[in-house]
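Peer 1: Here the protein sequences line up with chains L and H, keeping their order. Here my numbering is used: the first residue of the first sequence is 1, the next is one more, and so on. Here my numbering is used: the first residue of the second sequence is 1, the next is one more, and so on.
Note that these hints are calculated values from the structure, not bench results. Some clues are possibly wrong.
Claimed, not checked - Derived CB-CB ranges, DEER-like:
(1) L:Asp94 with H:Phe83: 27 to 37 Å
(2) H:Ser200 with L:Gly175: 45 to 55 Å
(3) H:Phe83 with L:Glu124: 19 to 29 Å
(4) L:Lys113 with H:Pro115: 30 to 40 Å
(5) L:Lys113 with H:Gly117: 35 to 45 Å
(6) H:Leu27 with L:Glu95: 50 to 60 Å
(7) H:Thr123 with L:Glu280: 27 to 37 Å
(8) H:Lys116 with L:Gly157: 21 to 31 Å
(9) L:Asn118 with H:Leu27: 23 to 33 Å
(10) H:Pro115 with L:Gly175: 24 to 34 Å
(11) L:His248 with H:Arg213: 43 to 53 Å
(12) L:Gly175 with H:Glu60: 48 to 58 Å
What the hints assert, rightly or not - Residues from chain L that face chain H, not an exhaustive set, calculated with beta carbons under 8 Å:
(13) Leu90
(14) Lys92
(15) Asp94
(16) Gly130
(17) Phe139
(18) Gly157
We put the beta carbon where it would ideally sit given N, CA and C, even for glycine.
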Amino acid sequence: MPPTDTTPETPTPEEAEGPSLEKGAKTQSAAAPLPRGSTPGIRFEKVVKRFGRNVVLRELDFSVAPGERVTLIGPSGSGKTTILRLLMTLEKLDEGLIWIGDQTLWHMDKGGKRVPANQKHLHEMRKQVGMVFQQFNLFPNMNVRRNLTEGPVRVLGVSKDEADERARKLLDLVGLADKIDAHPSQLSGGQQQRVAIARALAMEPNVLLLDEVTSALDPELVVGVQDLLRDIARESDLTMLCVTHEMHFAKDISDRVLMFDQGQIVEEGPPDQIFGEPAEQRTRDFLQAVLAS
Amino acid sequence: MDWDWSYTGDILPDLLKGLRYTVVATLVGYVIAVVLGMVWALLRRTPFRIVNEAVRWVTEFIRSTPLLVQLFFIYNVLPAWGFKLSSLAAGIIGLGVHYSTYTAEVYRAGIADVPKGQWEAATALNLPTSRVWLDVILPQAFRRTIPTLGNYLIAMFKDSPLLLAINVAELLGAAFKVGSDSLKFLEPITLVGLLFVAVSVPSSIMIRRLERRYATN
Numbered sequence: 001m002p003p004t005d006t007t008p009e010t011p012t013p014e015e016a017e018g019p020s021l022e023k024g025a026k027t028q029s030a031a032a033p034l035p036r037g038s039t040p041g042i043r044f045e046k047v048v049k050r051f052g053r054n055v056v057l058r059e060l061d062f063s064v065a066p067g068e069r070v071t072l073i074g075p076s077g078s079g080k081t082t083i084l085r086l087l088m089t090l091e092k093l094d095e096g097l098i099w100i101g102d103q104t105l106w107h108m109d110k111g112g113k114r115v116p117a118n119q120k121h122l123h124e125m126r127k128q129v130g131m132v133f134q135q136f137n138l139f140p141n142m143n144v145r146r147n148l149t150e151g152p153v154r155v156l157g158v159s160k161d162e163a164d165e166r167a168r169k170l171l172d173l174v175g176l177a178d179k180i181d182a183h184p185s186q187l188s189g190g191q192q193q194r195v196a197i198a199r200a201l202a203m204e205p206n207v208l209l210l211d212e213v214t215s216a217l218d219p220e221l222v223v224g225v226q227d228l229l230r231d232i233a234r235e236s237d238l239t240m241l242c243v244t245h246e247m248h249f250a251k252d253i254s255d256r257v258l259m260f261d262q263g264q265i266v267e268e269g270p271p272d273q274i275f276g277e278p279a280e281q282r283t284r285d286f287l288q289a290v291l292a293s
Numbered sequence: 001m002d003w004d005w006s007y008t009g010d011i012l013p014d015l016l017k018g019l020r021y022t023v024v025a026t027l028v029g030y031v032i033a034v035v036l037g038m039v040w041a042l043l044r045r046t047p048f049r050i051v052n053e054a055v056r057w058v059t060e061f062i063r064s065t066p067l068l069v070q071l072f073f074i075y076n077v078l079p080a081w082g083f084k085l086s087s088l089a090a091g092i093i094g095l096g097v098h099y100s101t102y103t104a105e106v107y108r109a110g111i112a113d114v115p116k117g118q119w120e121a122a123t124a125l126n127l128p129t130s131r132v133w134l135d136v137i138l139p140q141a142f143r144r145t146i147p148t149l150g151n152y153l154i155a156m157f158k159d160s161p162l163l164l165a166i167n168v169a170e171l172l173g174a175a176f177k178v179g180s181d182s183l184k185f186l187e188p189i190t191l192v193g194l195l196f197v198a199v200s201v202p203s204s205i206m207i208r209r210l211e212r213r214y215a216t217n
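Throw the hints in and build the complete structure from the sequences for me.
Peer 2: See the structure below:
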């Protein structure tokens, strides 16, 4: 595949401030399983999320440029996963705004006023986002093929044959072409996670969220899934947000690393800087603790 | 009192006819219980609180009153309001509605047992609500309910003699009738027990088999 002109760079603050206004003209076909073409950026504006009296995100501001790969690191409970879950609409936003491209995820325009999003708006916005979970969450009552075609057929209105064809291509990409008729329970954890990645890609998202995708895997299966994601990162121009405890993986895959603690960004920068010469003591402590484990 | 084999042979056809009513009432009632129970369970999950609460109270009420009373109500009280039913229809509806309140609980638990991650994956795939239920949640929930639903079939079968009270010519009723005619109860009533066992035990074995087949995920 030829290189695109949207190869992500670490954005300057100016770039990071303004997510792409383009909707993203998707020109992919069944022949090219990975999305290439402009994808929207993401912006959090004074985002607050509470669970009961526990404030998980406090007035969080940050942006991700179109096509950028950002890894979120930090101690558990620092709000990293909540950020992904807000973007996937698995948690409700309490305050602030979340932008995907030039549209707000949790709010819509009604007569010139910004009102909370209804189901229809959320449905439209979700089309741009895909997520891979720590526990895979494949549908155990469906075989691999159906797991991959259910969304495209029921949501995107793709014909069954086309969805089938696409499923085959994606399984090829994740190295599981021979498992198309298998049930999830017949697959190893690593294989299930590859299928889950293929399932997310089958929906042709612009933004891919990876929530500790190798944490539940046996050590010997981790590398395979990471290699696959590295390939996807290289071959596509997906905007990717990744929560991980695997620092090597974070280093390889990201353009930028955000260090979180207590719902706030402590430090951010290119991986070499964050992992090589972190400026903040809290980052150093965290990295030391992770490397020691 | 000695067992009279020729008398046994004479009454057996009558009892088998009764057994047929028993089986029909149980099976049709079971279909009602399985379907209506699902309706209750889904109504309990609607976002409308009034509906939830109403369904909760209605099912709780039905579950907390005896089936026998409900049968009398359907057969003897409802006609006064214009719902006239044959005794068999009244019996079937009574059995079905009564047990639907139990199957509703079974479904409710089955749905609650589907892991949260399944709902989240369905959201992440952007599936519409109807598809989430039909393709993802209910197939998984249903599988978990199969053993319990099977046990309710047998429980209903064993409760079906209550239909005698509203003159359904089911097995026990038939036995009672032939017994009264000849004033000999040993054979007919014993046969009732044997016939119940003859149906229940093979059914249990079949249900165990289904259970084993579906319990393995």
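Peer 1: Where does the structure disagree with the numbered hints, that is, which hint numbers, in rising order?
Peer 2: 1, 3, 9, 14, 15 and 18
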